[in-house]
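Asks: Relying on the hints, combine the two individually framed chains into one complex.
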Amino acid sequence: MPTLLEVVGLHGAYGESKVLHGLDFVVEEGGVTTLLGANGAGKTTTLRAISGMINTQGEIRFAGERIDGLATEAIARRGIAHVPDGRGTFMELTVEENLRLGAYTRNDKAGVAADMARVFDLFPKLHERLSQQAGTLSGGEQQMLAIARALLLRPRLLLLDEPSFGLAPLIVREIFDTMERIVRETKVSILVVEQNASLALAIADRAYLLETGRIVMSGAADDIRKDETLRRSYLGY
Amino acid sequence: MDGLIHQLVSGIASGGIYASVALALVMIYQATHHVNFAQGEMAMFSTYIALTLIQAGVPYWVAFAIVVPVSFGVGALIQRILMEPLAKAPVLASVGVFIGLLLVFNSVAGWIFTYTLKPFPTPFGEGKPLLNGFVSRHDLGSTVVTLVVLISIWAFFRFTKVGLAMRAAAFNPVSSRLVGVPVNKMLALGWGLAAAIGAIAGMMVAPIVFLDPNMMSGVLLYAFAGALLGGITNPLGAVIGGFLVGIIENIGGAYIVGTELKLSMALFIIVVVLVVKPAGLFGKTLVSRV
Chain A
1 MPTLLEVVGL
11 HGAYGESKVL
21 HGLDFVVEEG
31 GVTTLLGANG
41 AGKTTTLRAI
51 SGMINTQGEI
61 RFAGERIDGL
71 ATEAIARRGI
81 AHVPDGRGTF
91 MELTVEENLR
101 LGAYTRNDKA
111 GVAADMARVF
121 DLFPKLHERL
131 SQQAGTLSGG
141 EQQMLAIARA
151 LLLRPRLLLL
161 DEPSFGLAPL
171 IVREIFDTME
181 RIVRETKVSI
191 LVVEQNASLA
201 LAIADRAYLL
211 ETGRIVMSGA
221 ADDIRKDETL
231 RRSYLGY
Chain B
1 MDGLIHQLVS
11 GIASGGIYAS
21 VALALVMIYQ
31 ATHHVNFAQG
41 EMAMFSTYIA
51 LTLIQAGVPY
61 WVAFAIVVPV
71 SFGVGALIQR
81 ILMEPLAKAP
91 VLASVGVFIG
101 LLLVFNSVAG
111 WIFTYTLKPF
121 PTPFGEGKPL
131 LNGFVSRHDL
141 GSTVVTLVVL
151 ISIWAFFRFT
161 KVGLAMRAAA
171 FNPVSSRLVG
181 VPVNKMLALG
191 WGLAAAIGAI
201 AGMMVAPIVF
211 LDPNMMSGVL
221 LYAFAGALLG
231 GITNPLGAVI
241 GGFLVGIIEN
251 IGGAYIVGTE
261 LKLSMALFII
271 VVVLVVKPAG
281 LFGKTLVSRV
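Residue numbers (this note's numbering), protein chains in the order written: chain A, 1 to 237; chain B, 1 to 290.
One should not assume that every hint holds.
[Said to hold, decoys possible] As a list, the in silico DSS-like pairs of lysine-lysine whose alpha-carbon atoms are at most 27 Å apart:
hint, chain 1, residue 1, chain 2, residue 2
1, B, Lys118, B, Lys128
2, A, Lys109, B, Lys185
3, B, Lys185, B, Lys88
4, B, Lys161, B, Lys185
5, A, Lys18, B, Lys128
6, B, Lys161, A, Lys125
7, A, Lys109, A, Lys187
8, B, Lys262, B, Lys118
9, B, Lys161, A, Lys109
10, A, Lys109, A, Lys125
11, A, Lys187, A, Lys125
12, B, Lys277, B, Lys262
[As the list claims (entries may be wrong)] To give an idea of the chain A side of the interface with chain B (calculated C-beta under 8 Å), a few residues:
hint, residue
13, Ser51
14, Leu70
15, Thr72
16, Arg77
17, His82
18, Gly88
19, Phe90
20, Thr94
21, Glu97
22, Arg100
23, Gly102
24, Tyr104
25, Met116
26, Leu153
It should be emphasised that the hints constitute simulated quantities derived from the structure, not laboratory data. For every residue, glycine included, the Cβ atom is placed at its ideal position computed from N, Cα and C.
Looking at chain B on its own, in the form it has when it is part of the complex (with noise of 0.2 Å):
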């Protein structure tokens, strides 16, 4: 019972960070209808910068200070520079872009900084387990953290007249334009923010999978089978998604399949939702009249 609890807790932790890359896959999913394949290298990349920072010897929260605004800035830029000229093009050339990214992140990551695995500290500190032994200082430390970005962006959006204009430019860029909203700050806006949301999940998950240019391609991938679980279309249902997919992870490594495979249960988890109920859990379908 004790191991199922401990494997709950730390089911909840890394669906934390899968919750977080699954929102700012939505996001942007939501505003371009398009999944960035490289959130989790732009986000793995964000995390080198920290590390050097680090080993600069910036103090670890002055140097997050420092990477979650730089992260937002690269991710607007990236927007801006490459996909804005795009936005009339096909889908295939997007992907292209995407996947395009993503090799070179990892390229340019793996040839700056090597492809060796690297100890990456935590914040909270390496004592004791909490609570009983349940969780480490770590997991309870970043989940924390990432239930803080995560009702800091849904009250962005949910109560700011900014967060109010970039979904309405995400369901309707014709009539935002029409009432005035920058559609295309908007979209940057949003890139700004998702690279932002994925640099911290890259900075918490770090302790944890140790760094190295492919940590976050197994994350991106739990992500994604998280955000179409909820329902792509729906933020919250991407959150939610993404808890559910950390915990199952955690427990079908530990009683079912084994650790080796716990991959292949995030393959698994999307090949079910697709044939099931492609719209997701909270995937809503909306209603309209015509």
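Just chain A, with the same shape it has in the complex (with noise of 0.2 Å):
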């Protein structure tokens, strides 16, 4: 499969204090990749510098072009959808309008139009909520509102930051599912973060483990979910 994210000695910092030192890594068209590591190890900072959210030292290529060094709104628009940590909900605004703001780098009406059913057809919990303040939704609703409004920006890469967090075992479930859903119905790829490394093995192509914000292994994600050995010492399950 051809490469459309690749990272190459990246570098990240949150002022003074280093998190990531050096990692490589791509992510292959058409496919799931997961990043997994412990609380602190850096993930969701690796996912905060793709979309360039803080500083940055290294190459990060999208597509064959550098996007390091962009503004965060220009990375969108190049078709990065980034799914943050806390879910970035717009709490005042409604569910319809938050859709909307999804698809706010497109101008194809009817495509949009066509979209929004999509995510209605695979989020029905979201058509019914439309006019409700966003806010109100609960974990779960919310987190299926915004990988709804990251899909409204046709993204040609999906970025997840923990979509389980904090959502009860039932609703991580169908969360999950509805991804394995999306991997197979459309040519989006997805990166994503979690801590959760079974739930993430069973749906991912290609996993990488990271330790204090280094790659500490990588390899097909079947073969780390038999390892038995691996899946102890790192993944402790």
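Replies: Structure representation (structure tokens):
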């Protein structure tokens, strides 16, 4: 599969404190790649670096072009949709307005309408709550809204930051099932960051394991899932 | 009774002007959580530019059509040049800039145009009062202009993509950038709009109070009282608050405290709101699950 995102020697810091120490990884077109690791390993920071939300050194190439150093909104415009940690809901706005904002970069009205119908098919609950203030949605519904909002950008790459965070197991199951469906039915590639390794490995093609800002292991998701020693020592399940 | 109706009507007219300035204050407050103390002086300066054009022979509405976009541009430039570098600075830095702007606009206006009161023309004619003599032509005309401005601004925020993006950028800049909204441009646009609304308010109030560099200081105080009364987090509330303050000011000035003490009612309203209901009448307490 061709490479969609290529990261070479990525360093990242919040002010003085360095968090990423030279990451190399790729996201292949059309697949699911997962970044695993414990709290504080640098997973969220890696996604923020890709979206240009922090200062970085090193190269980030998207579809062959350098995107490091670009403004966050310019990166979004190129087709990278980012579902941030905490879901980034526009609490004060309605569900519908949240979704319309997802399509902010697009001018193809017919295409947006079609994608709108598609996300309602994926997440019927959102359709029932169109005019509701988004801040009143439950955590699971907000996560669905965040993914729907990101899909409306019609991204080539979807960055998901801990979609399972703080949600009941049943809801998590539902969201991951929907993610599998999205991958099956669309051409979007996904880079998902997860603390819950077993969940992420189940839907991923490729996995990277992050420890204190360095990649300590990588491989096909299936191989990692089957390797019991590896699982026990690194992933804790 | 006729006197009361008369006061009520002119209260609505001046209330419309307070409502416009209150809306300008709230727009910037929502986006930055700062109150632009220089909003009134910027409006005053725009009004002087309009007067200069009119005195040079430019027809009123042409001058209007020039001054509003120019004020928009100046407002947007102020955001880009002065406020943007302060985006991450402490609140006091911004407050310092606002007060600096207030002094600069005030002094430069006094320097160029002098401090003498100048009459400002009304585009609505000087003729006899309308509607049984209850409302002057200017009061009626300026109320209509104000309502058109307020409704257009509401429709812009409610129905357009850019309006939605501006609201989003004000509420949640991080998420806005992630969906591709250029947040800094939205802030500049907000400043521009606020300055343009202020310019219109200045041109509408100048025929009543006469033009001088301190013309807007009273208006700004009433507008601030209106914004607080309606709820500084709610644009519609601020507009309603502006109208209410205009009515309270006129009726209170005529029947309760007398015209000399009118301005102190603005301060009284501010204090009462802050003590009794700090969120204002329509300031919504947002519901959110964590």
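Asks: Going back to the hint list, which numbers does this structure go against?
Replies: 5, 14, 20, 25
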